[in-house]
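Undergrad: Construct the entire structure; sequences and hints are all you get.
Chains as they are written, first to last, in my numbering: chain A, 1 to 339; chain B, 340 to 678; chain C, 679 to 1017; chain D, 1018 to 1356.
Keep in mind that a hint or two might mislead.
Claimed, not checked - Facing chain A, a subset of chain B residues (Cβ under 10 Å, in silico):
no. : residue
1   : 490
2   : 538
3   : 601
Said to hold, decoys possible - Below, computed lysine-lysine pairings styled on DSSO-like, alpha-carbon distance capped at 30 Å:
no. : chain 1 : residue 1 : chain 2 : residue 2
4   : B       : 471       : B       : 591
5   : D       : 1269      : C       : 930
6   : D       : 1149      : D       : 1269
7   : A       : 252       : A       : 132
8   : A       : 252       : B       : 549
9   : B       : 406       : B       : 389
10  : A       : 50        : A       : 67
11  : D       : 1227      : B       : 471
12  : D       : 1269      : A       : 132
13  : D       : 1149      : A       : 67
14  : D       : 1149      : C       : 888
15  : A       : 252       : D       : 1227
16  : B       : 471       : C       : 930
17  : C       : 930       : C       : 810
18  : C       : 745       : C       : 728
Hints are computed from structural coordinates only; laboratory data are not their basis. Keep in mind it's a predicted model, so treat the numbers as computed, not measured. Backbone N, C-alpha and C define an ideal beta-carbon position, used for all residues, glycine too.
Number of protein chains: 4
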Amino acid sequence: MRTDHGLPLVRLGLIGAGRIGTMHAGNIARHVPGAELAAVADARPEAAEKLAARYGTEAQDVDGLLKDVDGVVITSIAAAHLDLIQRAAAAGKPVWCEKPASLTLEEIDQAIAATDAAGVAFQVGFNRRFAKDFAAARRTVEDGGIGTPQLMRSITRDPGPATLRAGIPPWTIFRETLIHDFDTLLWLNPGARPVEVFTKADALVAPEYKNDGLLDTAVVLITFDNGAIATAEANFSALYGYDVRGEVFGSKGMVVTGGLPSSPLVHYDANGLRQQTFRSDEEMFRDAYVQELADFAEVVRGNAAPPVTGADARNALRVALAAIASYEENRPVRIEELG
Amino acid sequence: MRTDHGLPLVRLGLIGAGRIGTMHAGNIARHVPGAELAAVADARPEAAEKLAARYGTEAQDVDGLLKDVDGVVITSIAAAHLDLIQRAAAAGKPVWCEKPASLTLEEIDQAIAATDAAGVAFQVGFNRRFAKDFAAARRTVEDGGIGTPQLMRSITRDPGPATLRAGIPPWTIFRETLIHDFDTLLWLNPGARPVEVFTKADALVAPEYKNDGLLDTAVVLITFDNGAIATAEANFSALYGYDVRGEVFGSKGMVVTGGLPSSPLVHYDANGLRQQTFRSDEEMFRDAYVQELADFAEVVRGNAAPPVTGADARNALRVALAAIASYEENRPVRIEELG
Amino acid sequence: MRTDHGLPLVRLGLIGAGRIGTMHAGNIARHVPGAELAAVADARPEAAEKLAARYGTEAQDVDGLLKDVDGVVITSIAAAHLDLIQRAAAAGKPVWCEKPASLTLEEIDQAIAATDAAGVAFQVGFNRRFAKDFAAARRTVEDGGIGTPQLMRSITRDPGPATLRAGIPPWTIFRETLIHDFDTLLWLNPGARPVEVFTKADALVAPEYKNDGLLDTAVVLITFDNGAIATAEANFSALYGYDVRGEVFGSKGMVVTGGLPSSPLVHYDANGLRQQTFRSDEEMFRDAYVQELADFAEVVRGNAAPPVTGADARNALRVALAAIASYEENRPVRIEELG
Amino acid sequence: MRTDHGLPLVRLGLIGAGRIGTMHAGNIARHVPGAELAAVADARPEAAEKLAARYGTEAQDVDGLLKDVDGVVITSIAAAHLDLIQRAAAAGKPVWCEKPASLTLEEIDQAIAATDAAGVAFQVGFNRRFAKDFAAARRTVEDGGIGTPQLMRSITRDPGPATLRAGIPPWTIFRETLIHDFDTLLWLNPGARPVEVFTKADALVAPEYKNDGLLDTAVVLITFDNGAIATAEANFSALYGYDVRGEVFGSKGMVVTGGLPSSPLVHYDANGLRQQTFRSDEEMFRDAYVQELADFAEVVRGNAAPPVTGADARNALRVALAAIASYEENRPVRIEELG
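TA: Rendered as structure tokens:
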């Protein structure tokens, strides 16, 4: 991890004091080199107060925060993203926004337009790209280490037992969960474009919510214009923990990443051997969460372009929307149908 | 491996002296407990002579062989299977037939009918079921160790570089390669039935044969009536060797099998660590190939029912045919459409 | 990692701005919850200035630093440890000191006496105890998960190629390197005491320095009063990187820790599979280095007793001195001979 | 595994129908290419009868057997080895003898002399050399893949719980168990000679037999004339199964072999992941046991020299005797003291 040496201090404001915002706040306050948590805002002022107090900073309303900071980190609910991005752009502040940046193409187009018009940087939070093993997998692909991708896989299984409930939006598994896998697959197949999508999905973890449209298990098959055939897979309840893996098989070899033992410790007893597994995204992607904001700090300093852009978010979203259409119509859907 | 102790000698005749037949002949002659390679036949008599000489047994024509043996092992080309099965049944001899038992539903139905009518046992060569790790995975599923299957995966990548050529039948990847994966998925989801299939496939290894219809890369998505969503995947040219893996994820856990290092030896040097990979089916499934015939010897002795039946072959073939139809029409195809 | 929530701020002063001090300074400044790098001192004022500037803090002389801080982190050369510990004790400040706390029993006894007399806490930097996998191994042993220890192993191989030189003290491999392994073995065999030591050592990496007494390869066999037989092993030049492992075998099982792949990424190509290895202590023990100071911050706050004490340093040192005596005399040496 | 093709049939006679003899008999009868189990003898004729019947061969007395066969496989108790070797030599028959070939230097010298004088081949059963991963480790060392060996390790832990009893000879752990590790270490350090040995050993598994001299836990430190320092370690009761591993660290890298999972199957559940371990030598070294006799069959055919010789047995025995002397006198013992 880079030290603070030589890094001008960047004052970041965080909007959205929920679970993921709390984690990012801690990272900014402590672990991101040359960064300071300058302010916290939340639609619930008491949540902002509490989080600000934890790190000895100020709670503000959004407008106050926007005046005060060098860059904005948006960790609110997805429905609030566009408005916040537009306000940050209007204030001339670089924006980092958690995934999913938006839930519709219209919104992401408006977000891109707003930041482009204002000339502010816009970075999106696809954290897996910043995990060392995923990043090394991408470099191996780029360097030709596996030849041309032919078969790909990206999976996300959230740790169980899941506590699902009525009211979760029906397309959550595609727009909030698999959006990671769609981005990962596009990113691990550099230069190629997705062509067609086919989806099978079901409510297997919590069949009682199927009538509400809540799907908890899904497999999406994606073809690319370079011939690669990819599988994205998600489930909301892996009893053994948080399971995120990627695989790219090509004409010259394969990379596999996202291994499951969370520690090198092996315990042998009369039943054989045992190892522990990852239990949460915060455990598995702890460093990646820091790195994506460290990179954003560099963007704020003007030293780098955003490593994950609004266009990346749009590309992943198009696959998600095609996947939803495919599920609804039980047919392959071409990406170009999405507009 | 069981010893010969207490096992009455079983005299097996092998028909088909090609690569796979030669391997099975060696296993019968040397490694299958209580078995003897009593005769070898082949459409090319000189091939039968050569193989018989290697193991000190006799070359015969099919009729002569059928009179002489306790059971028949058919390792000819798939097109010849039905005729040989029917002749073995007419001769009242138990039959073991390599996969694919047949390439059409009509043929497998006739094969089943012939052996049923004759009251002879009919076993099919899905060797993966006999690999210790795959067998243990199935036991774990049956014992409830992973709960109800929700997501499954079976892959076959043949060792590369592939030497493809014109003249290989177009549907080889479905009927000869993925047929293993279809059987594996059905077998690892006991009690469930496949419902619908969707396929994407391409000629990525050897695009020059795409006009001949030769596909070398395929992914097939299969849904089951217990909700499980499965992926079967194949490719003809894995440069790192023979890659066969299985995964079953369920409501309580997961089994993963078919690991890739072929030896526990790890070599560390200035570039990190290295391990070797499997290079062929004979290397990876050596014991499984012996075990399936050891089990057949027990069938011949009358001590057991065939562990893999004609009905199993038919079920896997239906999935293969649905996968082909899906590829041709680029739509999900229901198994029941196949008749 | 714990957040700063609820943790009173602890102002730490660091003495010794070399490689390891620079790393600890960065951890205090950024990663240790509720800690602040309040001052830096070094025998070379310009080194202190440079390091202080990097983290926006002050360079001071030792006396100034001692007045200014809540606790002291000593990362100077070993020869300076005792004087600094005594001055910190005289100033009434809790002390954390890098290993080896001292190179002689007299010095460690004086350090313990000084801190005891002043009533200040004294913690020693055996970082491996704070690595998650080593800590989990210890918990498994304590919880009876492997029964009574019978065979143990701890190894340290520094990353190569080593750049050895004349002037390195002859007993470095015992007092600076294997001291880690001696502490690890004592700590992983809780309640037991070392009884006897036998050593073989040599200059195999750099035979040209053998005349200077510089040993670079050593194996030390240690017996304990509960019967356990342990091996400690070190080498200064592992071409594949930094290799630190531990193993405890007992009457009911075994724990093995310190695995060698540094990333779950596996790259397969025509030569098999490859994984990367750790290249430095900072890479392998990054979190452990933070955790030991996070725990020290808790000691400074008065919330905890030092998890590694002067007595622990003395116990490890006695084994090191016995190992040296054994090497010199080529005979087993009893710990009690050391006094 | 090689086929029988082109291999003249070799008729082997086995003397000693105990556990290990029964296993070798099965291998000769079934799995060794071009070999036949021509006769079985045992000091207890009924044991010979029973084993012979299992494989459809004849029980004979030793003299009858020696007349009848092309080569002799001795699997009797160690005390009977010399007499049987001498009689086989007198009969002009090539000899394969299980380890330990003898328990004293006098006996091994007489065995070597007898076979040399008769001009018959004499092969010893150090099976680990024939395991694919150990053999590949040796090739890597020979090919310079790890540079010059500096640190080595070989361990043997027999599967537990052990059922020890009075009457087991006191030095069993050195002469019957660690003899494997001594041979492995000498063989993995080609061209080097052992110089000095130091031993610590105890009765930790079954302290009640310590008065009988029965040791069940031992570590032996061995130095070589090329500087390498090696550790051999044994224990009679590993609850997690049969644990045999080797490690050679050198100036350019390391090989590690004898990995512990016995199957690639991984089972994940709420407690993490689990894998199975080896439970016996027959499971771990099944192929090696066949290969050593396949190689002996080639020796009998005159196509090869014995891959493990009487001199190899003598060299390992010298280390074992030095280890015993070191234990008894608690001092390092030079190999040359043994004569």
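Undergrad: May I ask which of the numbered hints given earlier this structure violates, with the numbers listed in increasing order?
TA: Violated: hints 3, 5, 11, 13, 14, 15.
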